[in-house]
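Participant: Chains as they are written, first to last, in the numbering used here: chain Z, 1280 to 1709; chain S, 1280 to 1709; chain Y, 1280 to 1709.
It should be emphasised that the hints constitute simulated quantities derived from the structure, not laboratory data.
Treat the hints loosely; a few may be bogus.
[Said to hold, decoys possible] List time: in silico EDC-like cross-link candidates among lysine to aspartate or glutamate, alpha-carbon distance up to 20 Å:
{"id": "1", "chain 1": "Z", "residue 1": "Lys-1323", "chain 2": "Y", "residue 2": "Glu-1632"}
{"id": "2", "chain 1": "Z", "residue 1": "Lys-1323", "chain 2": "Y", "residue 2": "Glu-1478"}
{"id": "3", "chain 1": "Y", "residue 1": "Lys-1389", "chain 2": "S", "residue 2": "Asp-1509"}
{"id": "4", "chain 1": "Z", "residue 1": "Lys-1323", "chain 2": "S", "residue 2": "Asp-1322"}
{"id": "5", "chain 1": "S", "residue 1": "Lys-1475", "chain 2": "S", "residue 2": "Asp-1322"}
{"id": "6", "chain 1": "Y", "residue 1": "Lys-1629", "chain 2": "Z", "residue 2": "Asp-1387"}
{"id": "7", "chain 1": "Z", "residue 1": "Lys-1587", "chain 2": "Z", "residue 2": "Asp-1509"}
{"id": "8", "chain 1": "Z", "residue 1": "Lys-1291", "chain 2": "Z", "residue 2": "Asp-1543"}
{"id": "9", "chain 1": "Y", "residue 1": "Lys-1587", "chain 2": "Z", "residue 2": "Glu-1684"}
{"id": "10", "chain 1": "S", "residue 1": "Lys-1291", "chain 2": "Z", "residue 2": "Asp-1322"}
{"id": "11", "chain 1": "Y", "residue 1": "Lys-1598", "chain 2": "Y", "residue 2": "Asp-1673"}
{"id": "12", "chain 1": "S", "residue 1": "Lys-1389", "chain 2": "Z", "residue 2": "Asp-1509"}
{"id": "13", "chain 1": "Y", "residue 1": "Lys-1323", "chain 2": "S", "residue 2": "Glu-1632"}
{"id": "14", "chain 1": "Y", "residue 1": "Lys-1598", "chain 2": "Y", "residue 2": "Asp-1509"}
{"id": "15", "chain 1": "Y", "residue 1": "Lys-1323", "chain 2": "S", "residue 2": "Asp-1509"}
{"id": "16", "chain 1": "S", "residue 1": "Lys-1475", "chain 2": "S", "residue 2": "Asp-1673"}
{"id": "17", "chain 1": "Y", "residue 1": "Lys-1389", "chain 2": "Z", "residue 2": "Asp-1322"}
{"id": "18", "chain 1": "Z", "residue 1": "Lys-1323", "chain 2": "Y", "residue 2": "Asp-1322"}
Treat the numbers as computed from the prediction; the structure is a model and nothing was measured.
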Amino acid sequence: MPSAFATNMRFKLSILAIFLEVLIIVLFGIFVRYENSQSVTKDKLFLYPFFQDVHVMIFVGFGFLMTFLKKYGFSSVGINMLIAALGLQWGTLMQGFWHTEAQTINIDIKSMINADFSTATVLISFGAVLGKTSPVQMLIMTILEITIFSCNEHLVVNVLGATDTGASMTIHAFGAYFGLAAARVLYRPGLKEGHKNEESAYHSDMFAMIGTLFLWLFWPSFNSAIAQPDLQQRAIINTYFSMAACTLTAFALSSLVEHRGKLDMVHIQNATLAGGVAVGSCADMNIYPFGAMLIGSIAGLISVIGFKFLTPFFSSKLKIHDTCGVHNLHGLPGLLGGLASIVAAVAHIKLGETETPSAAMQAAALGCTIGIALVGGAFAGLVLHLPFLGQAPDENCYDDSVYWEVPTEETQPAGQFSDPGDHRTVNINV
Amino acid sequence: MPSAFATNMRFKLSILAIFLEVLIIVLFGIFVRYENSQSVTKDKLFLYPFFQDVHVMIFVGFGFLMTFLKKYGFSSVGINMLIAALGLQWGTLMQGFWHTEAQTINIDIKSMINADFSTATVLISFGAVLGKTSPVQMLIMTILEITIFSCNEHLVVNVLGATDTGASMTIHAFGAYFGLAAARVLYRPGLKEGHKNEESAYHSDMFAMIGTLFLWLFWPSFNSAIAQPDLQQRAIINTYFSMAACTLTAFALSSLVEHRGKLDMVHIQNATLAGGVAVGSCADMNIYPFGAMLIGSIAGLISVIGFKFLTPFFSSKLKIHDTCGVHNLHGLPGLLGGLASIVAAVAHIKLGETETPSAAMQAAALGCTIGIALVGGAFAGLVLHLPFLGQAPDENCYDDSVYWEVPTEETQPAGQFSDPGDHRTVNINV
Amino acid sequence: MPSAFATNMRFKLSILAIFLEVLIIVLFGIFVRYENSQSVTKDKLFLYPFFQDVHVMIFVGFGFLMTFLKKYGFSSVGINMLIAALGLQWGTLMQGFWHTEAQTINIDIKSMINADFSTATVLISFGAVLGKTSPVQMLIMTILEITIFSCNEHLVVNVLGATDTGASMTIHAFGAYFGLAAARVLYRPGLKEGHKNEESAYHSDMFAMIGTLFLWLFWPSFNSAIAQPDLQQRAIINTYFSMAACTLTAFALSSLVEHRGKLDMVHIQNATLAGGVAVGSCADMNIYPFGAMLIGSIAGLISVIGFKFLTPFFSSKLKIHDTCGVHNLHGLPGLLGGLASIVAAVAHIKLGETETPSAAMQAAALGCTIGIALVGGAFAGLVLHLPFLGQAPDENCYDDSVYWEVPTEETQPAGQFSDPGDHRTVNINV
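Please construct the entire structure, taking both the sequences and the accompanying hints into account.
Facilitator: Written out as structure tokens, the structure is:
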């Protein structure tokens, strides 16, 4: 039974993970050192609370945000952890190769923040293919995406000299369009009519709110962590107000687009975060608090509209099935963030005391980020499309029991009243 | 069908929220600026971890603490988020109008902490009316309560010159009595005999513990965030030991008041926090660690007693139905905190090196806080009593499905075995 | 009905808890003071974010990690809170008696971190006896274990002069072997064949992941909090990479040891943390990032193997039933950490700029820690074995309803479909 074999990860996952870990340890042994300890003072550790906020976002925020599916919580939070644990090690190496002038890659708190950042791109893309990929596929995608991300980041920041402190473009738009391109290549016609597991349950929506809130709360840290020290407070303030304004418009639009005026958890879980994405590129600019709120308000608005109208369109017409709607949370708001940075440059809004960004370079950064993401994502999709990487058959998508030991009495989701003829375990052909 | 119309929020919620956001953006455009960047140093960002702890308390702590109701988790954590997002913007304006001498309101980390603080009052009051109010009503209450809170805070701190670092009086007692007065005006005789949804389920109690623990853990940050820098450590220490002592007495009393000696989750979720409330006014005073523990112990004791004996009395005799028991968590311990500060003043306990608080001013602060809260809350209740603000009919109280899209298989709460004749959806008349 | 009486905690729990709190307040009144305020500067508060991370680990991390049992969530997170609240007060006194030279115990952030640390030992041991002990027993164990822990810590750090910054030995190995020895003495032959409640449910495993992730994320703070300031960054970096590497090998091994290649939540919840335990003793040493990753990789490996093969062996052959598998998460990795510190000493790996640890003293520290833990744990087990401390009868183990008011419709765990003849409440003889 080939499909049964296909999802058995016993040797594929273990051998690939151990191979990667051994490879990384060898590379670390050769290249990676502590930052010279003479320069380590309490001052350096000043960034440590920012790092920890970002760290919580990556593992708790992204992890729990994706637990909204009723039968896919183990995978969401578990594979998220696996991706991030691999990604931060690989990201340390990839960013180190570009960022360092010395013979060695030197680790300090800032490089740890950047390593965590690099994993965010993969976690965003993971949202687009959630429920339809195996852990082995995700390990491969992690390696591919972080490698390409690091090149694009180097290009945007160091070659073009664009500003993107909160990474609206280099992380959010990149991760979203990379994931969408991969999802396009991995499109499953068999899921065209939807899938019975692709829905939330009451408690899974509650778990997802844990993710939402920790992302929401610590986004000011995300957008300010690598800002220049004298601009960090401004980045914090702009993000704080952008998120608050975004939340109001997201609630308003969620109620407005539903004919009975009810709020939709999908919007509250996701669109309330769009303000953090969109204000990213301008976070440390002198856009005034009301400017940040304007960006946030628009972000909340377009994000809800995206969920309501664009996601179904993408799925039915473009054959892009975006499980978590990352296009609405990271893609569109990321584009908005890039556009805002171009507008800010045109308006000569200052970055520091004197510096102003260049509109042309901001536009180039946005363009090359989208382009590289799409091409890179399509390439990754082709690689993941290789057989024997453990994809679940269509009928077992969005189901933890394919890759996890699941407590038996809960194969049946809580509160669902079973058809007596449906008492089989879900993973019959595994 | 008028009741059906009443809870349809489609245009009311969206238009009110967008109107408020536009108004706020305009006011921010006119009045709000960044703090002068020349004075922004790393030193200023020293408060940022304190801010983030408070931020987590507001959104995760308060939000999840209220998820104990079995069918009201979306509203608890979602409307909490909406209130707080509006409140922090409005609080920035209201506090700025009182606090600033300049032409503009200048934002820094400290003003963000104060803005988050101002939302806490509304979230406390929200607990008193939880399950019985609409999102539209809560937006209106947010605007009203924060406006009145800011006036009272100005009166207490600047006019009377009282000390209330951890805000036992100005936030906790104020929020509780404001909410109780509003609940009295909004009293629903139809719920006199209780409501089938007004109870917890196993998992909803677990979610509530997430809220409890993050409140418990970060309370030292709450009580020290706006203390003078040289007194912050003392405020942290006092709160830490007060909470620990309170937890022991809360567990002890919970077991004692129940005839079979079993612990009650309501007490553990709430009364363990009373020590943080009660030590607030004295947090930065030289009361010694054992003094803080004494205050905390008494707070845990009176809080459990309040839940066991006072809440039923309030509900049956005073027509005040206090859903979350905020009187026991914030009201009584807030009073205790105010009284403790009066005793401390009488005992000439020092605040800083030389300063001592004035007993008369502490008493005046407590009195005017309670008075303004009661009058303000009653006024807010009258405003919220206006028709067409979307209140749910009695039978649909404590039920997310009135205002939220709820996953269908979970309209039936997890683990509840249904009467076959009860398969209707809950929100029939919506 | 004696067994009914046995679990009624009404007077036992309340009187013991209040007695302990009164005793502690008296001792605090006599001995405990604030650190001299003249030396309190912002610099001192530099450790506050580290403290808060550790604080979250103790209450949220340990508390939720143990909620994996389907019917024991209230006890896991609630009794964890009770133990920690008592433990941090008692730990302050016990450590203060050893650590101070002055007449008084002076409290600052560092002493609060150490107090939280001391509670960790009890919480680890709690994991070994989880579901089989009463709250009264746990209060007694808290007092006993922290007293013995403080003596051993004094011996290891001050007398032997060993280095154990992240406390692989003094906290993790100590807590594990103390708990295992107590579990041996408290062995219940009636549970030899397993217990129907000793298993997870889907949502309880999700709650447990909250604990796992907060432990995982803040472990770098745990291992660096009491390091010398100039070595804190190194301790952070080593722990960060050790945890990441451990996570990969834990996933790999989990998949490998299961014949269908599925991941097991028990491993993901626990073995991913072993890297933090194992790197503890060497955390601030110059072991290079790849050295930390090597230690972490081995820790993840042995931890999964321990869960798969050693725990069943312990239970069936050694009559040690270790509910949470603390031997695999804290015992074995703690031993590994101690051994690594011996190896590092032999290899002359530097601690600071010049200092090197002594292999003999590291070995002596490891040996005396295990020895004292085993003897102390066995003694504690004998004390807890006294009758009338409220143990549940075998059939009611792992069941919240013995000690807690549990919502009625959820006595039946979510999603479990009941045998119609099984509609009795679980706690019939209580």
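Participant: Run the distance test for Lys-1598 of chain Y versus Asp-1509 of chain Y: straight-line Cα separation, threshold 20 Å.
Facilitator: Distance ~46 Å between Lys-1598 of chain Y and Asp-1509 of chain Y Cα, so the pair is violated.
Participant: What's the verdict on Lys-1629 of chain Y and Asp-1387 of chain Z, does the C-alpha distance respect the 20 Å limit or exceed it?
Facilitator: holds, 19 Å
Participant: Is it true that the CA of Lys-1323 of chain Z sits at most 20 Å from the CA of Asp-1322 of chain Y?
Facilitator: holds, 13 Å
Participant: Quick one, are Lys-1587 of chain Z and Asp-1509 of chain Z close enough, alpha carbons at most 20 Å?
Facilitator: Violated, at about 40 Å.
Participant: Within a Cα-Cα threshold of 20 Å, do Lys-1323 of chain Y and Asp-1509 of chain S meet the stated pairing?
Facilitator: Within the cut-off at roughly 10 Å; holds.
Participant: Given the hint that Lys-1389 of chain Y pairs with Asp-1509 of chain S, test it: the Cα-Cα distance must not exceed 20 Å.
Facilitator: holds, 17 Å
Participant: Taking 20 Å as the top limit, are the C-alpha atoms of Lys-1475 of chain S and Asp-1322 of chain S close enough?
Facilitator: violated, 53 Å
Participant: Against the 20 Å threshold, does the CA-CA distance of Lys-1389 of chain S and Asp-1509 of chain Z hold or violate the hint?
Facilitator: Judged against 20 Å, a Cα distance of about 17 Å means the pair holds.
Participant: Given the proposed pairing of Lys-1323 of chain Z with Asp-1322 of chain S, does the C-alpha separation stay at or below 20 Å?
Facilitator: Holds, at about 13 Å.
Participant: CA of Lys-1475 of chain S to CA of Asp-1673 of chain S, is that 20 Å or under?
Facilitator: The given pair, whose Cα atoms are some 11 Å apart, holds under the 20 Å limit.
Participant: For the pair supplied as a hint, Lys-1323 of chain Y and Glu-1632 of chain S, is the alpha-carbon distance within the 20 Å limit?
Facilitator: holds, 18 Å
Participant: Between Lys-1587 of chain Y and Glu-1684 of chain Z, does the CA-CA distance stay at or below 20 Å?
Facilitator: Given pair Lys-1587 of chain Y, Glu-1684 of chain Z holds - Cα atoms ~14 Å apart, limit 20 Å.
The structure shown violates the earlier hints numbered 2, 5, 7, 8, 10 and 14.
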